[in-house]
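Trainee: Protein chains in written order, with the numbering used here: chain A, 19 to 805; chain B, 57 to 191.
None of these hints come from the bench; they were simulated from the model.
A hint or two may mislead.
[As the list claims (entries may be wrong)] Per the computed footprint, the stretches of chain A lying under chain B, defined by three or more beta-carbons under 8 Å from a beta-carbon of chain B, are: (1) 136-145; (2) 174-184; (3) 188-201.
[To be verified] Lysine-lysine pairs mimicking DSS-like chemistry, simulated, CA-CA at most 27 Å apart: (4) B:K91 x A:K142; (5) A:K135 x B:K109; (6) A:K135 x B:K88; (7) B:K144 x A:K142; (8) A:K142 x B:K88; (9) B:K91 x A:K135; (10) B:K109 x B:K91; (11) A:K392 x A:K406.
From a predicted model like this one, the values you see are computed outputs, not experimental measurements.
The beta carbon of each residue, even a glycine, is placed where N, CA and C say it ideally should be.
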Amino acid sequence: MLRRRHRFAPFDSRGRFTIAAILITFAGFSAISVFLSIRTTRHSQHRAAVLQVAARQRAIAERYVNEVLLVSSGATADPAATASLLTASADALLDGGEAPSLPGDDDEADLPAQQGKVIRAQLKQERRLAHDLGATGQAILEKKPTLAVPLTAGEDIAARDPVVRLRVLAGLTANTSLNAARTIAIENDRGINHLITTQVLLGVGGLFTSLLLAFGLIAATRRQTAHFRSLVTASTDLVLVFGRGGCRYASRAVLEMVDRPEPDLLGDGLARFVHPDDLGMLRATSEHGEPAEIVFRMRNRHGEWRQLDAHVTDLRGNRRLRGVVLNARDVTERMRLEQELTRQAFHDGLTGLANRALFRDRLDQALARSLRTKEPLAVLLLDLDGFKQVNDTLGHDAGDKLLRAVAERFDGVVRPSDTLARLGGDEFALLIDPATESEAEDVARRLNEAVGEPLVLAGRELSVGASIGIVAHPGGHADGDDLIRHADIAMYAAKDAGRGHHQVFRYDMALEFGELLALEGELRAAVENGELCLHYQPEIDVESGKVVGVEALLRWESESRGNVSPGEFIPIAEATGLILPLGDFVLREACAQTARWLREGLIEDRFVTWVNISAKQLAAGRVGTAVDQALEATGLAPKFLGLEVTETAIVPDGSAGERAREELQMLHDRGVHVAIDDFGTGFSSLSQLRHFPIDMIKVDRSFVKGVEHDAKDAAITANIVTLAHALGLVAIAEGIESDGQLASIRELGCDLAQGFLFARPRPPEEVSLVLAQGTCSPDDERDPATA
Amino acid sequence: MLLAVLVLVVAGCSSSGGKSHGAVTVAPIVEKDFKISARSYELRAGQVDLSVKNDGPDAHELIVVRENGSGLPMRADGLTVNEDAVEKRTLGALEPGQPGGTRELNVRLAPGRYVLLCNMTGHYLGGMHTELVVS
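Extracted from the complex, chain A is given alone in its bound form (with noise of 0.2 Å):
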């Protein structure tokens, strides 16, 4: 069977309604009950009144005998209006109306017309025998034969005695009334008994619909109860009412967190599963009902401890409830992902180091600290050498190891009260709070100790240096930018002074790093804005004034500072690491333009452009690659493209020299040009370069400057020409300005030259126009308008 669905009503409010259906219906069936009653007993006075009447009949019958026999033998007697009183009341008897009173006897009565048909009938029968008794009496007190008078009510008297007959009839008549008294009191026994039976019926009817009707209310409200109840344990809420017994109830959710029965919670058990420290607060909420809000840890099945956040509303005023209700709820993984999330707010997600913000925020605490205390405390700014060659050799991924690595070996030498940081790529930081220079110096060493031992890689054993910069205050006041700028300064000093040294900052070295260190920021910024291009400066045939090849110099033409000279800003490029980038724009540029003049058509097959290489370049080892890339990138020619290196990059000892060779070996072998740059002015040995790839040697311009005078220049660079040739190289001379100093280096048997005398450094479509004439003379640069 089908249950009717019930809606879902915890809110409803029918209970007064069907308690108001129950008065009505008491109500509706008393107000039915009276009614019935008043009539019922109304209509049984009436009936006594005629019951009465009616039984008077018999008596009136009777005397009116009498009285007939009374005249007939002489005595005084009214029998007439005995006769008509028998007749009046018969008539009222039967149609209601006033019924006379017996003379001297009783008052007269109002009776209501009868109604029922028996009833009816007896009485028309009764009024017909009073007639026919009237009319015998009368035809005796006549003295007319009584057998002549018609009888109406159907009897037939054998008797012809005329007293006989007058007799029976009043006999008759008396009879009838005496039935009709008896039918109207049967009546009214059947009039009461069916109120009786009404009553009975009423009540039992009003009680039955009462009761369905209560009963439907007890049924809603625990329907509604039962929903109240439903949404309470059904709720994930953790729902707990704390009374003077400490807990009076706690919610299905609660017990199924602690997996336990309610009464192990009830009263003071729920202490068991608080945790320690929160326990008086939650004594204390639970008592006071405040405050509004409160978290505490309670523990779970599993043991763990889950953090609660409730809500609290004090219930002591209510009548029913009489309590403090907690409506928690379980925050465990909510404050579990903000505690993350703060976490990653101020480390590092690479090496779980403090970040710069962290680090910043620490500083600064120190900062405030010490102005209290005028203790001293120290800033260590740390920078890894040789990082950007193993993460361009290795990868990134080799990168993040190393970092992770070095970051647990530093980890491993701070004090715990320590502040290490990773500030970004290999740059880290730390704060020692307190400590003097001497014991950050210490610091410095161990670090620098723990970091060089060596580590493998990717299958390769490496050993990093770091470069430290330590700043020391000696307490008080300070600013936290200051003393990160002026750490960052001594590890510049310390960089230079080579790998694996530490600084301490001094005032003088500010000076120094301050314009340098400006010039960083900004070179980057200048690198990502593309604010950097290069230019080209011929190079000629001394004989035949033909254009026979280009260098290519990059220049920065930076938005704030105006042209930026290479002398300035290569320097920095080089000890930041930006040189790589720098290179492989230049080399990836000079082919691209190359290979464009040769589409166009302007530049001959023994045309060469040359590209300075640094020193860096080639200790990272990777020109081969970045020299590749350019050519396959532009399409162009190995041989179209020299590289000018300077004495000091090749020659050194170890590996890195030797590396150095063997990568230009190979681009030679290739068809690639190189030629030594500045030639004189690294003190190299002569007889070295004879195992090197070289075609070509450029004479440094401060030889060449005093060529025309200085007998000294004029002897090194004749040396400088004649050992080129002896070694079956190219000699070039560069920075000719003038006249005089081109006639001495040609007389001197120079092949080539290159200066402003010929042509400056041009922007790639200017040096269009003198490629595209073929020849470079000295007038042109003279006066470049009329070119």
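With chain A held as given, fit chain B onto it using these hints.
Mentor: Showing chain B alone in chain A's frame:
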């Protein structure tokens, strides 16, 4: 004193009266102010079921008295039959019944004559009696 005619019926041969259900003869009797009538006044002897219907309007009784040739004696009031005097030959009686109803009176009738009467005051003398012949 006026006596009703009492007829003595010898155990008869009449077969026209009442319906017969096995051994019981049903004899419909109708009472009315102021006479008693039967569908058949001749009955076969044996168990007789008198089905007495009162057509009213008054209430009536029914008394069955065997005739013995001496008629029915009256009481001293001269209006009602002396029931005590005929008690021995009274076969059955129905108390006064309200009009509209039908009542049964079961009597064993030997052959002879029987008077059916209503003895309420004046009713007998007013004409409420009849005679049955049982054979």
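Trainee: Next, verify each hint and record whether it holds.
Mentor: To see whether the hints hold, each was checked on the structure:
1. Only residues whose C-beta sits within less than 8 Å of a C-beta in chain B count toward coverage, and the stretch 136-145 of chain A has 5 of them, enough to reach three; the restraint holds.
2. Counting residues of the stretch 174-184 of chain A whose C-beta lies closer than 8 Å to any C-beta of chain B gives 5; at least three are required, and the coverage claim holds.
3. Beta-carbon proximity to chain B at under 8 Å applies to 9 residues in the stretch 188-201 of chain A; the threshold of 3 is reached and the given coverage holds.
4. At roughly 18 Å between alpha-carbon atoms, K91 (chain B) and K142 (chain A) fall within 27 Å of each other, so this suggested pair holds.
5. Taking the CA atoms of K135 (chain A) and K109 (chain B), the gap is about 17 Å. The hint holds against a cut of 27 Å.
6. Between K135 (chain A) and K88 (chain B), the direct Cα distance comes to roughly 16 Å. Compliance with the 27 Å bound is thereby established for this hinted pair.
7. At roughly 38 Å between alpha-carbon atoms, K144 (chain B) and K142 (chain A) are farther apart than 27 Å, so this suggested pair is violated.
8. With a C-alpha separation of about 14 Å, the suggested pair K142 (chain A) and K88 (chain B) falls inside the 27 Å cut-off, and the hint holds.
9. Taken as a hint, the K91 (chain B) and K135 (chain A) pair is honoured in the structure, with Cα atoms around 21 Å apart against an allowance of 27 Å.
10. Only pairs whose Cα atoms come within 27 Å are accepted, and K109 (chain B) paired with K91 (chain B) is accepted, the gap being roughly 12 Å.
11. Proximity of K392 (chain A) to K406 (chain A) is assessed by CA-CA distance (about 40 Å); at most 27 Å being required, the pair is judged violated.
Comparing the model with each earlier hint shows violations of hints 7, 11; every other hint is respected.
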